Structures are given as structure tokens and as C-alpha cells.
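Q: Listed here are the chains, written in short residue letters.
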Amino acid sequence: GAVVSQHPSRVICKSGTSVKIECRSLDFQATTMFWYRQFPKKSLMLMATSNEGSKATYEQGVEKDKFLINHASLTLSTLTVTSAHPEDSSFYICSARGGQGFGYTFGSGTRLTVV
Amino acid sequence: AQSVSQHNHHVILSEAASLELGCNYSYGGTVNLFWYVQYPGQHLQLLLKYFSGDPLVKGIKGFEAEFIKSKFSFNLRKPSVQWSDTAEYFCAVNAEQKLVFGTGTRLLVSP
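So the protein sequences, as listed, match chains A and B.
Letter by letter, the first sequence follows residues 1 to 115 in this note's numbering.
Letter by letter, the second sequence follows residues 1001 to 1111 in this note's numbering.
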């Protein structure tokens, strides 16, 4: 079945630094990938949609200059949290659409802690 | 914009009890509907999905859901829950090329 690998699973960084999170589709080509943020005890909030070879589409209220998304190939999308602040601490999850049939496959998530 | 409502935030059941989790969505066009489960410490997994056809959809682990178009609902059911069903359950709607999630329902099944 379709597998999405997300890396790293956990990262701690200092305020003001940048962190890159990778999302790879391992056995299928993902034409579209999605980035979500999950707050404690709350739902997944869609941050942006990235399409291979084009600019990402950000949801309302998401700062595109802070959360840089790159989808340079059909198997890799990256989310870079720039100039991280403690309020950016959260659980980030990627999802890829593609492979057999119509479906979404989720990565295992990245727990970001900004200190 | 489409939205998804899950009415029950926390549900506590004893083993063998029946489960029904509500999910309503707001979108007038064609939708695809999903239920995902997130077990403690694990990532999201697909329980079941509805695209078209029979509105009663059967998923993994004995779960099923019924799409009622007139009520904009897609409730999740299981006749007899087990302790291992303790998890968070998310309803999601795909419309306009985006997957939007409900707020989730945390289910605790006591042995």
C-alpha cells in the first residue's frame, strides 16, 4: 500500500532558528501533498496544499513567509518553519494524494518544540 | 468554505457497548467522506471512506458509516466496541481538492 515517510519525528530548536520537515511518498508519485498542524486536543488544521512544480496554496491565516513549502519532485515536499517561535511548537503532519485510486496517506507527524 | 462538525468531543464506553459518533458537514456540492482513527502515539489511519454508491460503508475493524445526504451527515458506528478501540476519531470531507477535518472525538473504552 501507499506509504508516506515524514522526517524528523521530533525536533527541538531554539527561537529564531529554522527547521525543515520532509515528507516523502515512498512507493507512489504524489501529485499533491498537504501540510496540517495539530494543536493539543484539537483537530488537524490544513495549512497549505502543495502541487509538484508550482507554488503552494496557503489557507487563510497561514503566513506563507513563515511556513515555506517546496514540492520540487513528485515524491518530496518540505515544510520549513522559519524564525521559529515557541508558539510554533506543534505537531505537523503531511499527507499525500496519489498512488492507486483516490486516497490520502498520512505521514507519522513531526513534533516541533521551540525553546 | 466547507466545514465539518463532530458533536461528541469525549465519549466513554464500556467494552461491548455500541458506538455512534456524529459527523455533519457543510458543503452543497459533491463530497467524498472519510473517517480516520489515531491510536495513542500513532499516526492517522483510514477507517473507511465514501465516494459514491451504497451509502452504508463498511470499514476496517468492524466499523461502518452511513452517508445521509439529506442530513449532510456521515455518522460512524460500531455494534460492540473493544478496549483496543480507544483512540481519537476524525471525520473528514474532501471537497474542492482539499481534505477538511472535524475537531475529533476522543473515545475511551473501559475494560
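Hints may be right or wrong, so weigh each one.
Within a straight-line C-alpha distance of at most 20 Å, the following computed EDC-like cross-link-like pairs (lysine to aspartate or glutamate) qualify [as the list claims (entries may be wrong)]: (1) 14/A x 65/A; (2) 64/A x 27/A; (3) 42/A x 88/A; (4) 66/A x 88/A; (5) 14/A x 88/A; (6) 55/A x 1085/B; (7) 66/A x 22/A; (8) 42/A x 1088/B; (9) 1049/B x 1085/B; (10) 14/A x 52/A; (11) 1058/B x 1096/B; (12) 1098/B x 63/A; (13) 1098/B x 59/A; (14) 1098/B x 52/A; (15) 20/A x 87/A.
For the chain A half of the interface with chain B, some residues (derived, Cβ under 7 Å), not all of them [what the hints assert, rightly or not]: (16) 26; (17) 39; (18) 43; (19) 104; (20) 108; (21) 109.
Far from chain B, some chain A residues (derived; all Cβ distances over 12 Å) [claimed, not checked]: (22) 9; (23) 32; (24) 38; (25) 49; (26) 55; (27) 67; (28) 74; (29) 97; (30) 114.
FYI, nobody ran anything at the bench for these hints, they're computed from the structure.
Fair warning: this is a prediction, and the values are worked out from it, not measured in the lab.
By construction, the Cβ of each residue, glycine as well, lies at the ideal position given by its N, Cα and C atoms.
Q: It remains to establish, for every hint, whether it holds in the given structure.
A: So, going through the hints one by one against the coordinates:
1. 14/A x 65/A: Cα-Cα ~19 Å, so holds.
2. 64/A x 27/A: violated, 29 Å
3. 42/A x 88/A: holds, 15 Å
4. 66/A x 88/A: Roughly 10 Å separates the two Cα atoms, so the pair holds.
5. 14/A x 88/A: Judged against 20 Å, a Cα distance of about 11 Å means the pair holds.
6. 55/A x 1085/B: violated, 40 Å
7. 66/A x 22/A: Roughly 16 Å between the alpha carbons, so the hint for residue 66/A and residue 22/A holds.
8. 42/A x 1088/B: holds, 10 Å
9. 1049/B x 1085/B: holds, 18 Å
10. 14/A x 52/A: Measuring from Cα to Cα gives roughly 31 Å; hence the hint is violated.
11. 1058/B x 1096/B: Status violated; Cα separation ~25 Å.
12. 1098/B x 63/A: holds, 18 Å
13. 1098/B x 59/A: Holds - the C-alpha atoms of residue 59/A and residue 1098/B are around 10 Å apart, at most 20 Å.
14. 1098/B x 52/A: holds, 16 Å
15. 20/A x 87/A: Given pair residue 20/A, residue 87/A holds - Cα atoms ~17 Å apart, limit 20 Å.
16. 26: Violated. Min distance 14 Å.
17. 39: This interface hint is violated because 10 Å lies over the 7 Å limit.
18. 43: Residue 43/A check passes; min Cβ-Cβ to chain B is 4 Å, inside 7 Å.
19. 104: holds, 6 Å
20. 108: holds, 4 Å
21. 109: holds, 6 Å
22. 9: It is violated; residue 9/A is separated from chain B by about 10 Å at its closest Cβ, not greater than 12 Å.
23. 32: violated, 7 Å
24. 38: Per Cβ check, residue 38/A is inside 12 Å of chain B; nearest 9 Å; violated.
25. 49: The claim breaks: residue 49/A does not keep its Cβ more than 12 Å from every Cβ of chain B (closest is about 6 Å).
26. 55: Per Cβ check, residue 55/A is outside 12 Å of chain B; nearest 15 Å; holds.
27. 67: Residue 67/A clear of chain B: closest Cβ-Cβ about 16 Å, beyond 12 Å.
28. 74: Consistent with the label, residue 74/A stays out of reach of chain B, its closest Cβ about 17 Å off (over 12 Å).
29. 97: Violated, because the least Cβ-Cβ distance between residue 97/A and chain B comes to about 8 Å, which does not exceed 12 Å.
30. 114: The assertion about residue 114/A holds, with a minimum of 22 Å to chain B.
Hint violations for this structure: numbers 2, 6, 10, 11, 16, 17, 22, 23, 24, 25, 29, all remaining hints satisfied.
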